[in-house]
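A.B. asks: Each chain, written out:
2 protein chains.
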Amino acid sequence: MFVNETVKEIVNKYRALWSLGHAMSLMGWDAETYMPEEGVKGRSVASAELALLYRRLFLQDVAPLVEKVMGAEGLNEYEAGVARVLGRELERLRKVPEKVHYELAKLRVEASKVWRDAKAQGNFKAFEPYLERVFQLRREFAEHLGYKEHPYDALLDYYEEGLTDKDVEFMFRSLVPAIKRVLEKVSEDGYYPRAHELEGVAYEKEELERLNREVLTILGFPWSRGRLDVSPHPFTVGVSLWDVRITTRYEGRDFRRSLFAAIHEFGHAIYDMNVDEALAMTPLEGGASLGVHESQSRFWENVVGRSFSFVTVLRPLIEKHLSIARGYSEEELYRYFNVVRPSTI
Amino acid sequence: MFVNETVKEIVNKYRALWSLGHAMSLMGWDAETYMPEEGVKGRSVASAELALLYRRLFLQDVAPLVEKVMGAEGLNEYEAGVARVLGRELERLRKVPEKVHYELAKLRVEASKVWRDAKAQGNFKAFEPYLERVFQLRREFAEHLGYKEHPYDALLDYYEEGLTDKDVEFMFRSLVPAIKRVLEKVSEDGYYPRAHELEGVAYEKEELERLNREVLTILGFPWSRGRLDVSPHPFTVGVSLWDVRITTRYEGRDFRRSLFAAIHEFGHAIYDMNVDEALAMTPLEGGASLGVHESQSRFWENVVGRSFSFVTVLRPLIEKHLSIARGYSEEELYRYFNVVRPSTI
Numbered sequence: 000m001f002v003n004e005t006v007k008e009i010v011n012k013y014r015a016l017w018s019l020g021h022a023m024s025l026m027g028w029d030a031e032t033y034m035p036e037e038g039v040k041g042r043s044v045a046s047a048e049l050a051l052l053y054r055r056l057f058l059q060d061v062a063p064l065v066e067k068v069m070g071a072e073g074l075n076e077y078e079a080g081v082a083r084v085l086g087r088e089l090e091r092l093r094k095v096p097e098k099v100h101y102e103l104a105k106l107r108v109e110a111s112k113v114w115r116d117a118k119a120q121g122n123f124k125a126f127e128p129y130l131e132r133v134f135q136l137r138r139e140f141a142e143h144l145g146y147k148e149h150p151y152d153a154l155l156d157y158y159e160e161g162l163t164d165k166d167v168e169f170m171f172r173s174l175v176p177a178i179k180r181v182l183e184k185v186s187e188d189g190y191y192p193r194a195h196e197l198e199g200v201a202y203e204k205e206e207l208e209r210l211n212r213e214v215l216t217i218l219g220f221p222w223s224r225g226r227l228d229v230s231p232h233p234f235t236v237g238v239s240l241w242d243v244r245i246t247t248r249y250e251g252r253d254f255r256r257s258l259f260a261a262i263h264e265f266g267h268a269i270y271d272m273n274v275d276e277a278l279a280m281t282p283l284e285g286g287a288s289l290g291v292h293e294s295q296s297r298f299w300e301n302v303v304g305r306s307f308s309f310v311t312v313l314r315p316l317i318e319k320h321l322s323i324a325r326g327y328s329e330e331e332l333y334r335y336f337n338v339v340r341p342s343t344i
Numbered sequence: 000m001f002v003n004e005t006v007k008e009i010v011n012k013y014r015a016l017w018s019l020g021h022a023m024s025l026m027g028w029d030a031e032t033y034m035p036e037e038g039v040k041g042r043s044v045a046s047a048e049l050a051l052l053y054r055r056l057f058l059q060d061v062a063p064l065v066e067k068v069m070g071a072e073g074l075n076e077y078e079a080g081v082a083r084v085l086g087r088e089l090e091r092l093r094k095v096p097e098k099v100h101y102e103l104a105k106l107r108v109e110a111s112k113v114w115r116d117a118k119a120q121g122n123f124k125a126f127e128p129y130l131e132r133v134f135q136l137r138r139e140f141a142e143h144l145g146y147k148e149h150p151y152d153a154l155l156d157y158y159e160e161g162l163t164d165k166d167v168e169f170m171f172r173s174l175v176p177a178i179k180r181v182l183e184k185v186s187e188d189g190y191y192p193r194a195h196e197l198e199g200v201a202y203e204k205e206e207l208e209r210l211n212r213e214v215l216t217i218l219g220f221p222w223s224r225g226r227l228d229v230s231p232h233p234f235t236v237g238v239s240l241w242d243v244r245i246t247t248r249y250e251g252r253d254f255r256r257s258l259f260a261a262i263h264e265f266g267h268a269i270y271d272m273n274v275d276e277a278l279a280m281t282p283l284e285g286g287a288s289l290g291v292h293e294s295q296s297r298f299w300e301n302v303v304g305r306s307f308s309f310v311t312v313l314r315p316l317i318e319k320h321l322s323i324a325r326g327y328s329e330e331e332l333y334r335y336f337n338v339v340r341p342s343t344i
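Protein sequences, first through last, are from chains H and E.
Taken in order, the first sequence gives residues 0 to 344; the numbers are from numbering that gives the first Met the number 0.
Taken in order, the second sequence gives residues 0 to 344; the numbers are from numbering that gives the first Met the number 0.
The hints are simulated quantities; they were obtained by calculation from the structure and are not laboratory data.
Don't take each hint at face value.
When the alpha-carbon atoms are kept at most 20 Å apart in a straight line, the in silico SDA-like pairs for lysine to any residue are as follows [unchecked claim]:
| # | chain 1 | residue 1 | chain 2 | residue 2 |
| --- | --- | --- | --- | --- |
| 1 | H | K147 | H | K118 |
| 2 | H | K98 | H | R138 |
| 3 | H | K118 | E | S223 |
| 4 | H | K12 | E | P96 |
| 5 | E | K105 | H | K118 |
| 6 | H | K40 | E | A279 |
| 7 | H | K40 | E | N11 |
Here are some chain H residues the structure puts well away from chain E; computed CB gaps all over 12 Å [what the hints assert, rightly or not]:
| # | residue |
| --- | --- |
| 8 | S24 |
| 9 | M26 |
| 10 | H292 |
| 11 | I323 |
If you're wondering where the values come from, they're calculated on a predicted model, not measured in any experiment.
Glycine is no exception: its CB is placed at the ideal position from the N, C-alpha and C atoms.
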């Protein structure tokens with residue numbers, strides 16, 4: 000896989016950076032799931048310090064080697080991948096001053112805590128100044144990184160290399176009219192109720208959690224390499240190739256939401272977990288891009304999860320675990336899940 | 000508090016080391032509580048890498064400054080504390096080679112996982128080779144650190160500065176005969192049953208957990224700054240001054256054990272939590288020594304927890320939460336807890 004001596008040296012040195020990333024991922028997961036409230040005081044400082052340390056180690060130990068291979072010829076596709084991924088990171092790290100990195104890393108932890116509390120209380124005002132500061136800092140970030148047309152292009156590039164605001168505009172401009180037409184047609188048909196009764200029925204969190212776990216097990220989630228926890232907004236974090244954690248939320252009503260969030264995150268997780276083990280702890284460990292990631296999560300959530308066939312698999316499990324859904328007929332459940340029996344199409 | 004310019008610089012630079020410590024503490028907590036099984040593969044590498052990084056940063060950034068203040072005059076007691084604590088650490092870091100640090104940090108994570116599995120299966124053989132290797136490495140450690148009489152003196156010094164094998168021998172030699180006499184007298188009295196029936200009765204884990212939580216709340220455990228979780232061996236970890244986590248275990252029978260473990264760890268936690276906030280994230284944040292730590296944990300466990308008065312507080316809570324203990328008379332519960340009504344002494 001890695002034959003080039005410089006690349007091998009990079010991969011060796013990168014293990015310390017990967018380890019910092021591992022720690023920061025775990026700290027992020029913990030902050031959203033189990034950290035006691037006041038823990039944010041230490042966590043925010045530690046997160047910012049480790050972000051700086053990462054930056055410093057990268058520039059000091061890895062950067063000179065990366066520069067050596069960036070223009071190099073005869074690299075195999077893995078080696079070229081390392082050069083490309085780290086080359087991009089290096090360029091970015093150099094453009095944004097240390098101070099901005101530090102403040103943003105600290106603010107993210109603090110703001111996330113304020114957001115959680117504000118969300119629970121439905122109090123946007125409490126979060127507003129933090130959101131403003133995050134925006135401000137992100138704008139600064141964009142200015143440092145540089146862009147051709149729109150400041151967000153500089154930031155979007157982190158998620159989807161090369162994608163611009165203009166591309167996204169173009170995509171939605173072509174998609175929206177067609178989607179609107181489909182939506183109108185479906186609404187006119189009158190098959191799906193505007194709001195289904197089950198959306199308003201309160202469920203037992205413990206029952207739904209058991210349902211989610213059984214569904215994940217059926218989908219093949221490897222519990223020895225992952226976890227399902229609870230957070231205000233569902234997410235997936237790959238702490239390592241052998242430890243990928245997902246969350247869902249329990250809003251109390253409309254159980255589809257929690258279930259499909261779990262299936263969505265399952266899609267992210269299964270992608271992260273299936274990276275070649277030989278790439279573990281190297282710069283090539285993560286997914287290719289957010290777009291590819293979402294293609295996986297939405298495939299499982301929408302193509303698999305919201306299909307008639309899958310809902311027929313779900314039905315007996317819902318019957319088994321969810322007392323509130325027990326009185327509903329087969330047809331009613333199909334309507335709630337917005338699926339149509341194939342023969343009726 | 001810190002006035003001396005060099006000490007102030009040390010404290011500033013130390014924040015990166017503290018942050019690594021923060022991450023490593025959380026990783027340690029997570030490995031014992033929530034980490035999925037196979038996560039050990041990445042966690043062991045990350046732990047070893049961060050241990051090396053800590054060492055490297057210490058020697059590179061902090062060591063020259065520490066050397067400057069180690070002999071300095073006119074330091075106030077906080078500044079002298081920083082010089083003393085970091086001076087000791089520096090001396091140790093220099094004596095033990097990087098390779099040994101790395102291997103031990105990695106092995107500790109791996110061995111702990113093997114130990115957990117072996118414990119659950121009652122299979123010592125599975126753990127034996129790991130234990131042997133830990134011993135071997137610890138002996139190497141001791142040789143590098145140096146000692147006057149017994150190799151363990153070098154290691155004991157980590158927990159209780161200056162204490163030696165000989166001191167411990169001497170203490171136990173004086174204590175054991177007296178304790179034996181007390182034990183014989185108590186056994187002859189026949190008040191306490193050799194084994195109490197309640198030791199063998201299986202409890203509901205969820206019920207006991209609720210009891211433990213209510214007891215900790217009554218003792219004043221600040222839940223906004225701490226957690227109670229489950230691990231095969233109870234422990235306390237101070238992730239920061241504002242985030243101290245304790246664990247207990249649920250063995251299924253003899254509920255005192257779980258309850259007193261929680262109270263014991265509460266003692267450790269409350270000590271960690273009450274360090275002056277001005278010392279947070281500095282080298283003086285931790286407790287003074289393991290001896291002082293145990294004086295706190297055992298005070299709460301034994302002097303408070305195992306007192307007649309406290310058991311009278313416990314009784315209604317046990318009645319409320321623990322269905323298996325409901326049939327027992329007041330006197331029976333006192334016997335189970337080995338306490339005597341003051342009037343009868």
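A.B. asks: Determine for every hint whether it applies to the structure shown.
C.D. replies: Hints, one by one, checked against the model:
no.: 1; hint: K147/H to K118/H; in the structure: violated (36 Å)
no.: 2; hint: K98/H to R138/H; in the structure: holds (14 Å)
no.: 3; hint: K118/H to S223/E; in the structure: holds (18 Å)
no.: 4; hint: K12/H to P96/E; in the structure: holds (19 Å)
no.: 5; hint: K105/E to K118/H; in the structure: violated (40 Å)
no.: 6; hint: K40/H to A279/E; in the structure: holds (10 Å)
no.: 7; hint: K40/H to N11/E; in the structure: holds (17 Å)
no.: 8; hint: S24; in the structure: violated (10 Å)
no.: 9; hint: M26; in the structure: violated (6 Å)
no.: 10; hint: H292; in the structure: holds (20 Å)
no.: 11; hint: I323; in the structure: holds (23 Å)
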